[in-house]
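Start from chain A and add chain B according to the hints.
Sequences listed follow chains A and B, in order. Each number in the working numbering corresponds to the 1-based position in the first sequence with 546 added. Each number in the working numbering corresponds to the 1-based position in the second sequence with 546 added.
Treat the hints as calculated values from the structure; they're not laboratory data. Where a beta carbon is used, it is the ideal one built from N, C-alpha and C, also for glycine.
Below are the DSS-like pairs computed for lysine-lysine, each with C-alpha atoms no more than 25 Å apart in a straight line: (1) K680(B) <-> K659(B); (2) K680(A) <-> K659(B); (3) K659(A) <-> K659(B); (4) K659(A) <-> K680(A); (5) K680(A) <-> K680(B); (6) K659(A) <-> K680(B).
Covered, in the sense of this in silico footprint (three residues per stretch, anywhere, with C-beta under 8 Å from a C-beta of chain A), are these stretches of chain B: (7) 688 to 696; (8) 710 to 722.
Listed here are the chains, written in short residue letters.
Protein chains: 2
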Amino acid sequence: MRALVFDLFGTCVDWRGGVARAVEVVARERGLDVDPFAVADAWRGHYGSSLATVRDHHRPFVDLDVLHRESLDALADGHGLGGLDDAARRELVAAWHRLDPWPDVVEGLVRLKRRFVIAPLSNGHVALQVAIAKRAGLPWDAILSTDLFRTYKPDPVVYLGACRLLALDPAEVMLVAAHNNDLAAAHASGLRTCFVTRREYGPDQTRDLGPERAWDLVVGDFVDLAQRLGA
Amino acid sequence: MRALVFDLFGTCVDWRGGVARAVEVVARERGLDVDPFAVADAWRGHYGSSLATVRDHHRPFVDLDVLHRESLDALADGHGLGGLDDAARRELVAAWHRLDPWPDVVEGLVRLKRRFVIAPLSNGHVALQVAIAKRAGLPWDAILSTDLFRTYKPDPVVYLGACRLLALDPAEVMLVAAHNNDLAAAHASGLRTCFVTRREYGPDQTRDLGPERAWDLVVGDFVDLAQRLGA
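Chain A with its partners taken away, still in its complex shape:
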């Protein structure tokens, strides 16, 4: 194994907490009564179907900022954000560029980087990922993302394209993710797989509570992963 590629949202960074905090700030400034976590959950709830419109070729490629804005516009009325002006909506979309990593992520990545090439492999576009990495100090060797291939995960083009860019065979690359469907797609393309247990949806999480198949590795966090790989 030569390289580790990582899902970003939920696996490396806490999108739910970061988005909820941004919603809370915007709502307070405008005197709106909203449930910030309900907004974050509803927003992420649109995620899968919004990606699919591009992945299934129903429209030309647009990046995640565009999809996030469309989803926000669709959910705003139902969550007390109907009156938000354009500037506030853009501010909320930009909150997805300022997400904090889970506490183990930087230490784990610093250790893993000594032995392996490490890169994200996210549905977030390059600019979004650069912003997150720079702010959070994620020490990536490269930024890999689905916009390089103008589609979205779990399109196999993404996993195979990442291996091609790294000039590695799929069996030399491991995807690390907190999501079973992402790992299933990577596995189908021949990559190795590591499930990391996260609680990205909070205490009421109902999905991805554990590995649903016999992934190559199952770890508690990135420091655990580094130890398991001798890094």
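The following block gives chain B in isolation, referenced to the frame of chain A:
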């Protein structure tokens, strides 16, 4: 200005010294009488025309390892390397993945990274650049390269594609290069330009001895650049 993108070969790393050292090692092991610097110069001499075969759509995209191998095969006989076996030739092609930075590069980039997004924008493919950056400690925020666009500089697709991936207007991006033709192409696409004085060809260098146009900045090295930009 938000981002700086950097030419790699000659601007950040000493391809001539690194390649010559690898040639010397291979030649000594095989008892061959060669001039290592002449080989390096001849190899680089094929560079422009080999890139053009792809850039001008005379063939499908192939990466720089493929072009380097073809050029090596073409020059080997004339430079005392005709008897080299395949393994040795592959070793020499791989030498382009192990080039040392000029002495000012790491310090300059570390400082520039505090204020700007920094990325290479090289004809070297992602895997080659990851190898160089990892070995040399180049602290890039992202790896940008022409293989993302399946063409080579100075195709404008490269400069505009880099700006698109960074989600920046060309005027928010500066190309730093030791080559006037690279800067001319970047300028034509609306990027800012910085000429850095290098002696990549050694004491007998005849080209790119200085700026040939009024580039936005002219600097002696990357530490000078950091100081000029207040980083």
